[in-house]
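J.: Chains A and B are the protein sequences, given in the same order. Going left to right, the first sequence walks through residues 1 to 324 as the working numbering numbers them. Going left to right, the second sequence walks through residues 1 to 253 as the working numbering numbers them.
By construction, these hints were calculated from the structure, which means they are not laboratory data. Ideal Cβ positions, reconstructed from N, Cα and C, are used throughout, including at glycine. Please note: incorrect hints may appear among the correct ones.
[Unchecked claim] Restraint ranges, calculated between C-beta atoms of paired labels, are given here:
| no. | chain 1 | residue 1 | chain 2 | residue 2 | range |
| --- | --- | --- | --- | --- | --- |
| 1 | A | ARG101 | B | PHE12 | 16 to 24 Å |
| 2 | A | VAL294 | B | ASP26 | 55 to 63 Å |
| 3 | A | LEU241 | B | ASP141 | 21 to 29 Å |
| 4 | B | ASP141 | A | VAL294 | 38 to 46 Å |
[Stated by the list, open to error] Pairs of lysine to aspartate or glutamate residues, derived as DMTMM-like cross-links and limited to a Cα-Cα distance of at most 25 Å, are as follows:
| no. | chain 1 | residue 1 | chain 2 | residue 2 |
| --- | --- | --- | --- | --- |
| 5 | B | LYS123 | A | GLU179 |
| 6 | B | LYS168 | B | GLU29 |
| 7 | B | LYS168 | B | GLU124 |
| 8 | A | LYS2 | B | ASP145 |
| 9 | B | LYS168 | B | ASP65 |
| 10 | B | LYS123 | B | GLU176 |
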Amino acid sequence: MKTAGLTTVIVLLFALPLLVRQPYYIHTFIITLIYVILVSSLRLVALSGQVSVGHAAFMGIGAYFSAIISKEFGVTPWLTIPLGGLASMAVAVLVGFPFTRVRAIYFSMVSLFGGIMIVNLIRVAKRWTGAAGLAGIPPLTPIEIPGLVTITFLGQKVPHYYFTLLLTLVCLLCLHRLEHCRIGMTWKGVAQSHLVASSVGINEAGLRVLALAVGCFFAGIAGAWYAHYNLVVTPNTFGFLPSIFLVMYMLVGGRDRFAGPIVGTAILVMVPEFFRSLKEFAPLILGGIMVLVVFLMPRGIAGLFDQIGAHRGAPARKEAKNAA
Amino acid sequence: MLLETRGLTKHFGGLAAVTQLDMHVDQGEVVGLIGPNGAGKSTVFNLITGFIRPTAGTVLFDGEDITGRKPHAVAATGIGRTFQIASLFPDFTVLENVVASFYLFPRCGFWEALFNAPSYRRKEREIMRQAREVLQLVGLDEARDMPARNLPHGHQKVLNVARALAVKPRLLLLDEPVAGMTHDEIVFSLGVFEKVRAEGITILFVEHNLEFMSLCDRIIVLNFGQKIAEGTSDEVRRNEEVIQAYFGSEDAA
Chain A
1 MKTAGLTTVI VLLFALPLLV RQPYYIHTFI ITLIYVILVS SLRLVALSGQ VSVGHAAFMG
61 IGAYFSAIIS KEFGVTPWLT IPLGGLASMA VAVLVGFPFT RVRAIYFSMV SLFGGIMIVN
121 LIRVAKRWTG AAGLAGIPPL TPIEIPGLVT ITFLGQKVPH YYFTLLLTLV CLLCLHRLEH
181 CRIGMTWKGV AQSHLVASSV GINEAGLRVL ALAVGCFFAG IAGAWYAHYN LVVTPNTFGF
241 LPSIFLVMYM LVGGRDRFAG PIVGTAILVM VPEFFRSLKE FAPLILGGIM VLVVFLMPRG
301 IAGLFDQIGA HRGAPARKEA KNAA
Chain B
1 MLLETRGLTK HFGGLAAVTQ LDMHVDQGEV VGLIGPNGAG KSTVFNLITG FIRPTAGTVL
61 FDGEDITGRK PHAVAATGIG RTFQIASLFP DFTVLENVVA SFYLFPRCGF WEALFNAPSY
121 RRKEREIMRQ AREVLQLVGL DEARDMPARN LPHGHQKVLN VARALAVKPR LLLLDEPVAG
181 MTHDEIVFSL GVFEKVRAEG ITILFVEHNL EFMSLCDRII VLNFGQKIAE GTSDEVRRNE
241 EVIQAYFGSE DAA
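Looking at chain B on its own, in the form it has when it is part of the complex (with noise of 0.2 Å):
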């Protein structure tokens, strides 16, 4: 198992946001973390990460404990993410972006940054041409001196796969990565996330758009911060409790 959650949980006041969730993502796979709104996956994706301090219960990432940890250190032993609103660095230029989100490999010293020593620069060529190598990956290549804020919606969301790829993860959660997309670059992210895949790194989504569904080998639904069911996306599609938590019950229609 690549991610292990045991018992997470975590309470916003007298609000249970998530309780006593036991998911786990295996090295390879494309798991789907859907439910309806307010169901607790951005939670979810947020005590991962270290954004948030859960209440009880502990994250594992490859065996090792890190509940608890601050989110650049989560991002240093392998979990990439991205957020639900388009989130980069609006002032930089696309290339910029990826290239400031090179931080840990290779890591710069204060004093050769300072003074531009030779490791240095070896270390900025090796950091530009890796960033290069991602944007050709996502497609974004051509775009590279554009301003991230003057990008479509559309690729400023693959922009955020792109950044979240330069932590070189092992996993990567992706937050309703097409929301708000068109059909044309839904089709397009697909594309990108079968690389991604092809590239060995394991995802996690949270994601309502069905073709996404196909995507996933495994399908986790969650409701009122609960997993209600389990399984690929034909075995959740079909489970009564699913058909109620999306459309309610009988008796209250």
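Pulled out of the complex, with its shape left as it was, chain A reads as follows (with noise of 0.2 Å):
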């Protein structure tokens, strides 16, 4: 049942771009498909029991750094991707260590501050970043089978589109592997009691500072994506409001569920591009949204199967099977 849903859904995202055509949109999807790896990886430190309200920041490290090293250097993005996931990862394992001291909302705090000083380095390095935006980033360099195919990149929504789609794939693979392995039962023990954790010998501040490089990692990857997709990149799609934004997609979709992150996303990163003309009303429709889901889903929309559930009475396994 699961399994046939799965596939349906993937068929169809594979299917998308032979039923709507307007480039608009595909664009929307591409866009959409970036945010879902971005808010899973965002979930992905939340389970080792922090919230980061900076997590955008890692995306625009990523980004400005495979950025500026194919534009300098004239190295293809190819490669410079996963190097803005390392230099992201790189920068969370240094301000992890002071980081992940704190725990709960005061982790959340420090995040918060540590994303805008982020944001305002990029701003400071004009040098090489622009100061305002970088423009000029070189897209993507043509994929060559010989004999067979080239895929251009440039103003090509249709590959971009699959491209992203692999890519998310994948990455969602990583992440779902990771959670549910005993790398994730470690960091969801941690998340239920330090204290717990480390009397049986889990060094709960190193699995915290890891949960948080790996989340990392796979945003600074979606940052990058994302400059040789745009071509173009600003401090303030890093900044303070998306950081919020991340955490609001997370917790609207559900933070208990791995699907929670991809529902949120889909649903409020595509609400507002689709009613363009409302576009003034964007702040107070998410914020609705949001009010509602707080009230009548607390545990977001892809908990709701579990909150009803629960209403009947019947499973308290499976609860305690996604805790797992």
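Relying on the hints, combine the two individually framed chains into one complex.
T.: The structure is reproduced here in structure tokens:
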């Protein structure tokens, strides 16, 4: 049942460019997919009990790093995108050691200001980042399979869409695996009680740094991919408000469930994009959705099934399984 | 001596919680640490297991100085512990609580776990086997699929012991393991501790319950952070200073 549903969704996603022809909609899908990676990586960090309110800044590190390296040194983006992920991860490890000395809401506060600082540093480094924005980022270089096809990316939405979809699927696969192996279990344990965790030999601070590092690696990848798609990046994309939005997408979708960030992002990124004529009302609509979800579905949209199940008094077992 | 503290001292601001404590626990012993509320018993546990850094003094485990080590490093040397308030992973099932606690033996690497390598799958099977063994030892195997938070209070405390056993301890520190238990649960727990002891694990208790006193080979009495008496349960019970600490002196009464 679950596999069938999943297969249908993936097939539909691959068929999407055949059904929807308008480039603007394809663009919206690409952006949505990139944000699915981001919000899912944010949820991975949150598994260890820390909600980062500066996650967009790590997307920015990946974006700027990859953009600058490929632009200044003429390296192909196919190489600099993973480097962008690594750069974001390196910064996460560096700030992770001081950041993870505090927990819960205090971690959120520290990550908030950390995120703001990173964006300010990007603004200050004018020589490399162009302060207000960086233009002229090289697009993805064409892929040539001799005698068969040449895939070009510049100005081409559909190939971009397919490669973004592939990237998203690979990232989600990694994140899912991480959550469901012992590493994920240990993260969830650390989130439930850091005292108990350290009493059985778990280096809980180290594991929280690891969660932050892995989450930021994927955020960096997503950011770098975004840079070579959009070809222009501005610091505002990675600032305080976008970080808040990432948290909001996660909460609306439901943070208990792997599908939460996917559902939340799909709804909250696409709703405003498809109702462009109501652009002025977008914050109002988003705020409204947020309030509704918090009151009616405290476990998010993806958590709705659990909520219904709990009402019927049935699957306490299922609940436990999800927590695992 | 398996565990030894020398001049162990902890001041919280101006308050001396533990002062110049010299105590030891021998291999295979069951030792009780008792004292009135606020005597510093839990602080001693936290000092030994690295949850609090001592102001002065040293903690030796099997001759090795472990003073000031982080809690996870202390656990790795072979000291398991429970907490006073039943503390476990409430969202996990009983089995998952123990499985998650088998973190050190065997230790799984990041990449082998990510790629589900054969070595990792072997370790996972090994962990599952050991976890079931521990649950059978403490008599919770039947309840293994229950969410830990739904367990009765007494069973939660026993689950704590099961979790602590997952670090393969040579020394087990149990902080009020039967507090708030019914009589039947206490009798059941006594059986569990006898089994743990039979496995060759040394136990240091903090406890008020008198039935437990008789289980102990030796009892150390703390008052205001200082050792005021030490001996068998009968010796301690007759000790003037102990009676005074618990019931007050005649002048005060």
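J.: Under the constraints set out in the numbered hints, which ones does this structure not fulfil?
T.: Hints 3, 10 not satisfied by this model.
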